[in-house]
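Q: Sequence:
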Amino acid sequence: MDKKDLKLLEILQRNGRMAVSELADKVNMSDTPCLRRVKKLELDKVIVGYGAQVDPAKVGLSVVVYASVRLSEHSDESTALFESTVAQLPAVMECSVVTGSHDYLLKIVAKDLVAYEQFIKKSLGNLKYVSNIETTVVLKQIFSHNVLPVDASPIE
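Quick note: the sequence shown uses the working numbering, first residue 12, plus one each step.
FYI, nobody ran anything at the bench for these hints, they're computed from the structure.
Every residue, glycine too, gets a C-beta built ideally from N, C-alpha and C.
Certain hints may be false.
Claimed, not checked - Below, simulated EDC-like cross-link-like pairs (lysine to aspartate or glutamate); rule was C-alpha separation at most 20 Å, straight line: (1) K139 / D123; (2) K118 / E94; (3) K18 / D42; (4) K51 / D66.
To be verified - Using C-beta positions, here's what the derived DEER-type ranges look like: (5) N137 / L17: 42 to 50 Å; (6) V161 / R47: 14 to 22 Å; (7) L17 / D42: 15 to 23 Å; (8) P67 / A98: 16 to 24 Å; (9) Y140 / Y61: 33 to 41 Å; (10) Q129 / V65: 17 to 25 Å; (11) E53 / K122: 32 to 40 Å; (12) L100 / T43: 36 to 44 Å; (13) D123 / K56: 33 to 41 Å; (14) V59 / A91: 20 to 28 Å; (15) V59 / Y140: 24 to 32 Å; (16) D55 / Y140: 33 to 41 Å.
From just these sequences and the hints, can you work out the full model?
A: What follows is the structure in structure tokens.
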């Protein structure tokens, strides 16, 4: 990737619906080579998708929690089963393998705390290989960045 690719990524993260002609103008390219670069970034899975960013509270999902999950066993089979199961749960927005006293960190959205409790009882807590769940409820989100600093200077 060169500087033009990084500039394309920076711009497209902020406005994925931008017309190719406008995008090409912003990076001082003609339309065809610009589109070719974007298609290559998509093909190489550097750009993995486009979509609208939705405010969870505006669609009735006013509770955001982070659940730290510990598994009862750490075999390839149990971790693969856990990961494939939580990937199918619509309330789970993110799933990360972490270090420390837990194995996974999940970001979960719910209508309210009662709905979250039901989710724990009927879905996540019902999995036989989950031994512990610790929940942190988000009281207020200050900010959430969704634009990667692809063209930023190194952190000082």
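Q: If a hint holds in the structure, say so; if it does not, say that too.
A: Status of the hints after comparison with the structure:
1. K139 / D123: 25 Å, violated
2. K118 / E94: Holds: K118 and E94 sit about 14 Å apart, inside 20 Å.
3. K18 / D42: Since the Cα atoms of K18 and D42 sit roughly 15 Å apart, the hinted pair holds (cutoff 20 Å).
4. K51 / D66: 31 Å, violated
5. N137 / L17: 42 to 50 Å: Since N137 and L17 have Cβ atoms about 45 Å apart, the given range 42 to 50 Å holds.
6. V161 / R47: 14 to 22 Å: Holds, since V161 and R47 (Cβ atoms, about 19 Å apart) stay within the stated range.
7. L17 / D42: 15 to 23 Å: 19 Å, holds
8. P67 / A98: 16 to 24 Å: 19 Å, holds
9. Y140 / Y61: 33 to 41 Å: 35 Å, holds
10. Q129 / V65: 17 to 25 Å: Hint holds: Cβ distance 22 Å, inside 17 to 25 Å.
11. E53 / K122: 32 to 40 Å: About 35 Å separates the Cβ atoms of E53 and K122, which means 32 to 40 Å holds.
12. L100 / T43: 36 to 44 Å: Once the Cβ atoms are compared, 43 Å apart, the range 36 to 44 Å for T43 and L100 holds.
13. D123 / K56: 33 to 41 Å: Taking Cβ atoms as reference, D123 and K56 lie about 37 Å apart, which means the hint holds.
14. V59 / A91: 20 to 28 Å: 22 Å, holds
15. V59 / Y140: 24 to 32 Å: About 29 Å separates the Cβ atoms of V59 and Y140, which means 24 to 32 Å holds.
16. D55 / Y140: 33 to 41 Å: Taking Cβ atoms as reference, D55 and Y140 lie about 35 Å apart, which means the hint holds.
Checked against the numbered hints above, the structure breaks hints 1, 4 and satisfies the rest.
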